[in-house]
Amino acid sequence: MKITPPASQISDRLRAVAPYAIVLFIAGGLFWLAMHFEYTPHAGRLGPDVWPKAILVLMIAVCVTRIVGALRRPRSEGPGGGLLREVIGDAVPDPETIGAPGERYPGLLALGVALTVAYVFLLGWLGFALATAGYIAAMIRTGRYRRWRVIVPTAVLGSLGFMFVFMKIVYLSLPIGQPPFATISLGLMRLMAIR
Amino acid sequence: MIEVARHLAGGFVDLLQAANLLALGVGLVVGMLVAVLPGLTLVMGVVLALPFTYGMPVTPSIILLTAMYISGTYGGAITSILFRIPGEPMDVPLLWDGWSMAHAGEPARALGWTLFAALTGGLITATVMVTLAVPFAKVALTFDSPEYFSIVLFGFTSVVTLGGGSLANALISLFLGMLIATVGVDEIYGVDRFTLGIDMMRDGIGYLPVMVGAYGVGEVLVRLEQGFASAPMAGGGAIKTRIPSLAEAWKIRGTFARSSLVGVICGIIPGAGATIASFVAYGVEGQYGPRRRELGKGIPEGIVAPQVASTASVGGHMVPLLTLGIPGSGATAVILGAFLLHGVQPGPQIFTTQSALVYAIFASTFAAVIGMGLLGYFAIRPLVKVLFLPEAIVSVFVIMFCLVGAYSEHNNLTDLWMIVVFGVVGYLFERYRFPIAPMVLGCILGPIAETSFLTSMISYQNDWTIFFTRPVSGVVLALAAVALLLPFYSRLRRKPDLAAKTP
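For the protein sequence lines, the chains are A and B, in the order given. For what it's worth, the working numbering labels the leading residue of the first sequence as 1, then goes sequentially. For what it's worth, the working numbering labels the leading residue of the second sequence as 1, then goes sequentially.
Just so you know, these hints were derived from the structure itself, not from any lab. Beta carbons are placed, not taken as given, at the ideal position from N, Cα and C, and that holds for glycine. Mixed in with the good hints there might be a few duds.
Derived Cβ-Cβ restraints for the label pairs, each shown as a range [what the hints assert, rightly or not]:
#1 43/A x 127/B: 49 to 57 Å
#2 433/B x 114/A: 21 to 29 Å
#3 42/A x 21/B: 46 to 54 Å
Just need the whole structure built from these sequences, with the hints factored in.
Dropping the structure here:
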């Protein structure tokens, strides 16, 4: 008689397999790219594809092993903690299990990533001072801190502080932005005696 | 030995220059602050300090980073003991006995033992570093490319197997790092590898954006997803440190000796860092210490073992960095970056070409240990005040330092995109329990491994047996094989135990 695994077991297995399947797919793609490196072979020398191909073969082997293992036993993580576990024995808990997170806020994470991408994207246009002040304020607010009386001065002073330290002391050329925003950056630089 | 002592005296004289002393002082304070703040790791702190060294001469630059590294191994202990918040992963073992002793009404005693342990570990590590470096460099001069390849391979296996989690995940992380290091134009053939036709990829991906992104931005993203939910600090009260007497310390000399040895060895092995040293030392104490049954109940041995080991690992790490040019940890990788940015290549020759610099670093290590002790004793109260800063504000400044630091390397916005990409990769790694350290180490040591492998193949007419037939290389490869196979052996050995326990 054929026994069908329950839906939760199938879902567990898929969840366990997913990261390795993605890595396997990427590794396969990179291996295909490595097979198409264009070069003129030198007699007696290994080509530029040998090293990356060797790494990719090992990576693929690990992924396949884990996928097979996870399909058989979804909750198993495979061997791990070798020497460390061998020496410390059961005297201490597994370092990996310490500090397990509590509640998650994926919305905050998505917003944080979007803000960081927007900051890098707008940096060349708005200039460092304006983009940074806006970014600092938005990120602090995203981090669930609500006191605008603290957020605004922190953002403005933080942005100016970074500008002063990195442009005046470290002699770094930070982006000043495009007109009309460049005028603001140049004005601030004049105020801080940055040449 | 007299020659070494003479050079070291010269190093102390060099250290007295105002710039070097300033770098030392700033490094100690910032290192301790970074370690005190949860979510801001020691490696991140050293990375964030790197851009400030661009305009500095090489000696104060390295002194600044080394001082941060040393004092960072102590700072996190304070929050572990007082607030049950480990400032660094290496401080987790201090929760068990350090927090228990503090909770039993003896916080000053717990802090005193920690400080004494850090001082002892630091002085031992500095002495070992000075003693071992020159003989190591002499031996390293005889190494050829097969030896370098084997040592790097050993580093790879140790970082993979010493981590506590899944071996498969650690291997994937390592291979990913090694692949990242291959991106760009190949040095021998001039061929584009994995550039995907994007011009900016032709320069390759440096390990700094990978490291800063994965450790810095990635960690902030993880904490942002948790809503920056660190527990609010209680008042802090009267924070004092009571140093144990020498007689008290002498009673647990065995713990000091065992843990120092563990720390130094973990430091010398590429890939095994202060965190591993700290856990291993605690574990060794739990298995072999005379008071192992009382461990975890607030005894000095449980505080001394992890703290001595984590501080003692610093000098161990500096030995392969200075003598072989191989960084064995995230922090030493950044220090290597600082060396290279100033046109200095660490390796066996550095002891003849840059002897003054090397001995100034050695001298600064001794001074940093003493400075750390003084700072830890007298400045503990203001240091703990930083914990009252809202995490959202601290975190956004961490990201800003990451971004500006990455930008400052080449004055190029492309590096910022790399930081964002590797920040997300770092977050995904944390989320799905893939360790970050192997990826970073793969990225750093990958090019050394590839170059030494290809050079060996060219020099020895593609005879791959050369890695096994040369004595040093063969022994190191055998150790690597043992390290890699041990988890499987360990698993096989545990299976019957588990079967016996299952009803």
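Here is how each hint holds up against the structure:
no.	hint	verdict
1	43/A x 127/B: 49 to 57 Å	holds, 52 Å
2	433/B x 114/A: 21 to 29 Å	holds, 25 Å
3	42/A x 21/B: 46 to 54 Å	holds, 53 Å
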